[in-house]
Amino acid sequence: MNSKELKASRVKLFRDAANFRKTERIPHFANVVTWKVFDAGHTLDEAMTDFDVMEKCVLHFLDKYPVDGILDVGIRNQFNVTEAFGEGSYYYYDKEVVGIHDHAHCTVDTLQEYMDDPTKYAWEKILPKKYGESWEQKDKAVWKKTFSEYMKYTKFILHMNSVMGKYGLPGLSPNNPMKGAVVPAVEELMSNLLGIQQLSVAMRRSPDLLDAFIQRWEKERMEPIYEKIRASKGQDYKYCFDSSILMLAHTVMNKKQFERFYWPYLKKLLDEYAAKGLSIRIFTEGSILRFAEYFKDYPKGLLTFHLEQDDPFEFREALPNVAIMGGMTTDLLSNGTPEECVAYAKRLCDELGREGGFIYSENKMLSYRNDAKAENMLAVSKFVNDYRL
Amino acid sequence: MIDYEKLAEAMGDLDEDTVKELLQQVMDEGGEGAPKAMEACQKGMDTVGKLFEEGEYFVGDLIYAGELMTDAVGILKDALVSGESSGPKTRMILCTVKGDLHDIGKNIVKSMLEANGFDVLDLGIDVPPEKIVETAKAENIKIVALSGVLTLALDSMKKTVEELKAAGLDVKIIIGGAPVNADSCRNIGADEWAHSPQKTVDTCKRWAAEG
Amino acid sequence: MKGKYTSYPEGYNKLVKDIIPWYMRPAKAMLMRLLLTILVDG
Chain G
152 MNSKELKASR VKLFRDAANF RKTERIPHFA NVVTWKVFDA GHTLDEAMTD FDVMEKCVLH
212 FLDKYPVDGI LDVGIRNQFN VTEAFGEGSY YYYDKEVVGI HDHAHCTVDT LQEYMDDPTK
272 YAWEKILPKK YGESWEQKDK AVWKKTFSEY MKYTKFILHM NSVMGKYGLP GLSPNNPMKG
332 AVVPAVEELM SNLLGIQQLS VAMRRSPDLL DAFIQRWEKE RMEPIYEKIR ASKGQDYKYC
392 FDSSILMLAH TVMNKKQFER FYWPYLKKLL DEYAAKGLSI RIFTEGSILR FAEYFKDYPK
452 GLLTFHLEQD DPFEFREALP NVAIMGGMTT DLLSNGTPEE CVAYAKRLCD ELGREGGFIY
512 SENKMLSYRN DAKAENMLAV SKFVNDYRL
Chain V
123 MIDYEKLAEA MGDLDEDTVK ELLQQVMDEG GEGAPKAMEA CQKGMDTVGK LFEEGEYFVG
183 DLIYAGELMT DAVGILKDAL VSGESSGPKT RMILCTVKGD LHDIGKNIVK SMLEANGFDV
243 LDLGIDVPPE KIVETAKAEN IKIVALSGVL TLALDSMKKT VEELKAAGLD VKIIIGGAPV
303 NADSCRNIGA DEWAHSPQKT VDTCKRWAAE G
Chain W
20 MKGKYTSYPE GYNKLVKDII PWYMRPAKAM LMRLLLTILV DG
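Chains as they are written, first to last, in our numbering: chain G, 152 to 540; chain V, 123 to 333; chain W, 20 to 61.
Each hint should be verified, as a subset may be incorrect.
[Stated by the list, open to error] Per the computed footprint, the stretches of chain G lying under chain V, defined by three or more beta-carbons under 8 Å from a beta-carbon of chain V, are:
| id | stretch |
| --- | --- |
| 1 | 241-248 |
| 2 | 265-278 |
| 3 | 301-311 |
| 4 | 402-410 |
[To be verified] Distance condition first, Cα-Cα at most 20 Å in a straight line; then the derived SDA-like pairs of lysine to any residue:
| id | chain 1 | residue 1 | chain 2 | residue 2 |
| --- | --- | --- | --- | --- |
| 5 | G | Lys291 | W | Gly30 |
| 6 | V | Lys264 | V | Thr192 |
| 7 | G | Lys271 | W | Asp37 |
[As the list claims (entries may be wrong)] Just a few of them, taken from the derived set where beta-carbon distance is under 7 Å, the chain G residues facing chain V:
| id | residue |
| --- | --- |
| 8 | Val293 |
| 9 | Gln349 |
| 10 | Asn521 |
| 11 | Asp522 |
Note that these hints are calculated values from the structure, not bench results. Positions of the beta carbon are idealized from the N, C-alpha and C atoms, including for glycine.
Bound-form chain G, shown alone:
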């Protein structure tokens, strides 16, 4: 099989699994981010600022572990861009740790101003606040250097996409900033515009302002996405899924808040996907089981939830119509033995995947050195790859 055929066969495998069709084996989508840097013998600061090192780490992983897809191929390496621009990045990293400081671009009172012209708002409010006095001093040389690093980063993404192609690895979904990533309003509020603290307070103190923002977001950002969905010709077999959405904001909401600020809009989006028979993946941070009742009437094949904290067996019982991605815990990968990991992986495959509906993956983005032992990762990857149902 050449790499194109291999990719096509993998896409079919993922799609069959997500659509509850029986498959010969369970596909493995590796939820591996920076763990692969350590596994390749490098440190984060080396890999985060050197594309050659990052590529080496990605290839080391792909050569060592038989997987059918991988979440990240080093395209989070934007640090050279922000560092060229100067101090002020929200990211922090050293040899062992990479993370992002909480940040909020707006207050609940400036959300409409942001929506009036996001570029203007960024130029006049966000960037001056973020970069302080140095914002006024950014001259042509700094901007040219930043742009140059940005071009190198863009080139790196394209290069790594071609590497993925050579390995016959499909992309997860067509979502990317260039094509309009699908971000519900509350997720943008949570991650960038208000942050967790302000959103939590605003849900109680300024619910009408939130409503106004969400409805505007719906009209200006989501309607074009609904139009694209309506114009689609059905499931796109270039990718494993037709869309990939992150759900995080629900982790702070009580049921009433979910019903007011999140569900009506998420339902609209899911209904649009359902009308076209598309298949989407939702990474549900934290636990989603509290809200299981909202998803129970959707047809099999529409939804695959990538679970983080929820027990996959409990989840299957609560939502038999929703395919599961995930299952393997960092607990077991880091503290268990290879035999224990394989036994659990077998249980996942047997109990969740015999009639389709299961894609093996790790429950958390493997980011830190001790998130998994290499011997465990190898044992389960080989097992899942070889196990025939």
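Since the structure of chain G is already known, use the hints to place chains V and W on it.
What follows is chains V and W alone, placed relative to chain G:
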């Protein structure tokens, strides 16, 4: 004089307008009712904790409650004499461990511990084990609460527990945050673990009572 | 002293002319949008 039951109920309902109105009335009346008003707010926070346990409130409500409590203290502070009405407070350490910058959960727990009479030494975020040990020694701390959201926090928690034990300190340790569970608690060597702030508060109260 | 590029839209438009090579100008809106996303959120 205000209706303190009404104040407690309003705090439990997270009814900011009523809480602030009543607290302002206390101050307008000279502030003598401030200690009782504080107790009523604390009672309200107990209700918040219980409603969280029951699933009616969630994390966002706890964050909001923390802000409301901070505002309440801000209104009453000039009339509150620290320590007088509530008796000696148990001092304890709370922090987010090394490598982790998350503080929302820690701050929620801090509000609830303080509302329950603890004197919380908040060491902040990204706190190395040595700092915790040094502070525990200097302040004669008997209870340490460690928080973390990232999986690497578990390693930092383990190192912290080891260093506290190596220093010969007789402390009770509770760990909290998304990655902790019974297995990791055992592996880390902590005395207790919690996902809910209420469990943290109840455990710390039990330890404080046991002396 | 106010920066050369910090006014909007004048400074912004001048920046686009100064840093984006002529052959990339047809894609300038998309390029700037992504660059700004990195600088704003990163």
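Going down the list of hints, with the structure as the test:
Against chain V, the stretch 241-248 of chain G contributes 3 residues with a C-beta closer than 8 Å to a partner C-beta. That satisfies the three-residue criterion, and the hint holds. Counting residues of the stretch 265-278 of chain G whose beta carbon lies closer than 8 Å to any beta carbon of chain V gives 0, which falls below the threshold of three, so the coverage claim is violated. Using a Cβ-Cβ cut-off of 8 Å, 0 residues of the stretch 301-311 of chain G lie near chain V, which falls short of the minimum of three, so the contact claim is violated. A stretch counts as covered by a chain when three or more of its residues have a beta carbon under 8 Å from one of that chain; for the stretch 402-410 of chain G and chain V the count is 6, and the coverage holds.
For the suggested pair lysine 291 of chain G and glycine 30 of chain W, the alpha carbons sit about 11 Å apart, so the restraint of at most 20 Å is met. Using a Cα cut-off of 20 Å, the hinted pair lysine 264 of chain V and threonine 192 of chain V is violated, with the two alpha carbons roughly 26 Å apart. Only pairs whose Cα atoms come within 20 Å are accepted, and lysine 271 of chain G paired with aspartate 37 of chain W is accepted, the gap being roughly 19 Å. A hinted interface residue such as valine 293 of chain G counts as satisfied when its beta carbon comes closer than 7 Å to some beta carbon of chain V; here the least separation is about 27 Å, so the hint is violated.
This hint is violated: glutamine 349 of chain G has a C-beta 10 Å from the nearest C-beta of chain V, more than the 7 Å allowed. A distance limit of 7 Å between C-beta atoms decides the matter here; for asparagine 521 of chain G the minimum to chain V is near 6 Å, and the interface restraint holds. With a cut of 7 Å, the hint placing aspartate 522 of chain G at the interface with chain V holds, because the nearest CB-to-CB distance is about 5 Å.
The structure shown violates the earlier hints numbered 2, 3, 6, 8 and 9.
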